[in-house]
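**Q** Here is how the chains run, residue by residue.
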Amino acid sequence: MPEDHDWEAYKVPPTRTPVSERTTSVPNPVNYFQTAFSYVFDTPVTFVRELIERLQTKDKFYYYHQKFRRVPDLSECLEGDYLCYYEAEAQWRRDRMVDQQIVEIVQERLAACKQREGPNQFQNCAKEMELLAQVTKAFQDRYGDLGYHGNARTCLMKQKHRMMEERKAAEEKQ
Amino acid sequence: MAAMSLVLRAAAAWAARRAGGAGTTGTTGITRITGITGIGPRLPGTLVPVRHSGDHGKRMFIIKATSFYDSRFLSLLRFYIFLTGIPVAVLLTYINVFVGEAELAEIPEGYVPEHWEYYKHPITRWIARYILDPPEKNYEKDMALLHVEAQKCELRMLELEARRLMRHRGDGPWYHYETPDKNLVDNSVKSTPDN
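Top line first, the protein sequences correspond to chains Z and B.
If you're matching positions, the first sequence starts at 1 in full-length UniProt numbering and goes up one per residue.
If you're matching positions, the second sequence starts at 1 in full-length UniProt numbering and goes up one per residue.
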């Protein structure tokens, strides 16, 4: 069954290949391959898929993406409040999953851009490369070396250390 | 009579020559017409064209190892696999072709979806709806367990603190030890200084 790809996310820009003037009378063999492909693979598959879609029940049902409420963070929990710890931990894990998916999506966009541009990828994909660099740096700063047993508490401690070092660096600069 | 016997003897000689000719030609007996069905006497050692063959050749008794156990095993294997395999395959085909998967949609305003409406495939939705517990229930169960354990932990800490303080201060109901009555003490040992 097809995945829920959002094809509008990476809008392919219009191609800038110039219209070629035919100088030979030899037909382009690529056209034969394309027609062969469409007859052998495309048409039967589309036919079967449309057949199945016609047979499916007309009353459709839907599925949604779950939206979770925000709960107090680990830094806002009182000490010894284990329920608050549990909820904060669950929220932190969900956020980490979301961040992982964000990084993956940005990587996919860069790969799509490289595939599209081909030889001029280093000029035309500079924005995507910059975005990927920023996103991976941020992810590494936040979730980087926590290891397999990283949880919300270790992440908070890492943030605390980061802030202490930033303060120390700011003090040394003065 | 003599003429009749002469004819009979000629016929017998002719039949014998025919059978003898078949015997001498040996392997080419098949090429002869397969029509000799018991006419005339047979010479010993004569070859006969192949019978009951229908042009398949001579019927042979081919000696090979038994395949009874192998074929029985494979037949039973197929039977037991298809016994549940075919109904499951039919059910899955029906569900995937006629019921189909859900479509992704935005959550409508003011509508709280049920916990099974977050899945795509109809079988997953069915399992989430009728077999598994909703994740909210799981969450609450975990929180309840944590709460009970946290209360137990707190009570144990308080008890330890109370014991420590009562032992130290001695003004609580705990840590009372029975001492013998002072009237039972015999002071005669130390009553005079010269003992």
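Hints are computed from structural coordinates only; laboratory data are not their basis.
Given the structure is predicted, the values throughout are model-derived calculations rather than measurements.
Wrong hints could be hidden among the right ones.
Straight line, CA to CA, 30 Å or less: simulated DSBU-like cross-link-like pairs of lysine-lysine [said to hold, decoys possible]:
hint, chain 1, residue 1, chain 2, residue 2
1, Z, 60, B, 120
2, Z, 60, B, 141
3, Z, 67, B, 141
4, Z, 67, B, 120
5, Z, 67, Z, 160
6, Z, 127, Z, 137
7, Z, 58, B, 120
8, B, 137, B, 120
9, B, 64, Z, 67
Distance windows between CB atoms, simulated [said to hold, decoys possible]:
hint, chain 1, residue 1, chain 2, residue 2, range
10, B, 85, Z, 144, 46 to 54 Å
11, B, 54, Z, 57, 35 to 43 Å
12, B, 179, Z, 164, 36 to 44 Å
13, Z, 50, B, 121, 17 to 25 Å
14, B, 147, Z, 44, 31 to 39 Å
15, Z, 50, B, 63, 52 to 60 Å
16, Z, 146, B, 118, 48 to 56 Å
17, B, 118, Z, 174, 25 to 33 Å
18, B, 118, Z, 136, 51 to 59 Å
19, Z, 44, B, 118, 28 to 36 Å
20, B, 157, Z, 170, 22 to 30 Å
21, B, 148, Z, 139, 34 to 42 Å
22, B, 163, Z, 162, 39 to 47 Å
23, Z, 117, B, 118, 52 to 60 Å
The beta-carbon is built from N, C-alpha and C at its ideal position, and this holds for glycine as well.
**Q** Now tell me, hint by hint, if it's right for this structure.
**A** Structure-based check of each hint:
1. Z/60 / B/120: Distance of about 12 Å is within 30 Å: holds.
2. Z/60 / B/141: Roughly 34 Å separates the two Cα atoms, so the pair is violated.
3. Z/67 / B/141: holds, 21 Å
4. Z/67 / B/120: holds, 16 Å
5. Z/67 / Z/160: holds, 29 Å
6. Z/127 / Z/137: holds, 15 Å
7. Z/58 / B/120: holds, 17 Å
8. B/137 / B/120: Distance ~21 Å between residue 137 of chain B and residue 120 of chain B Cα, so the pair holds.
9. B/64 / Z/67: violated, 70 Å
10. B/85 / Z/144: 46 to 54 Å: Holds, at about 49 Å.
11. B/54 / Z/57: 35 to 43 Å: violated, 57 Å
12. B/179 / Z/164: 36 to 44 Å: Check failed, 59 Å falls outside 36 to 44 Å.
13. Z/50 / B/121: 17 to 25 Å: holds, 21 Å
14. B/147 / Z/44: 31 to 39 Å: violated, 59 Å
15. Z/50 / B/63: 52 to 60 Å: Taking Cβ atoms as reference, residue 50 of chain Z and residue 63 of chain B lie about 58 Å apart, which means the hint holds.
16. Z/146 / B/118: 48 to 56 Å: violated, 28 Å
17. B/118 / Z/174: 25 to 33 Å: For residue 174 of chain Z against residue 118 of chain B, whose Cβ atoms are near 53 Å apart, the range 25 to 33 Å is violated.
18. B/118 / Z/136: 51 to 59 Å: Given range 51 to 59 Å: violated, Cβ gap about 30 Å.
19. Z/44 / B/118: 28 to 36 Å: holds, 34 Å
20. B/157 / Z/170: 22 to 30 Å: Cβ of residue 157 of chain B to Cβ of residue 170 of chain Z: about 41 Å, so the range 22 to 30 Å is violated.
21. B/148 / Z/139: 34 to 42 Å: With a Cβ separation near 37 Å, residue 148 of chain B and residue 139 of chain Z satisfy 34 to 42 Å, so the hint holds.
22. B/163 / Z/162: 39 to 47 Å: holds, 43 Å
23. Z/117 / B/118: 52 to 60 Å: For residue 117 of chain Z and residue 118 of chain B the Cβ distance comes to about 38 Å; the hint is violated.
Consistency note: the structure conflicts with the earlier hints numbered 2, 9, 11, 12, 14, 16, 17, 18, 20 and 23.
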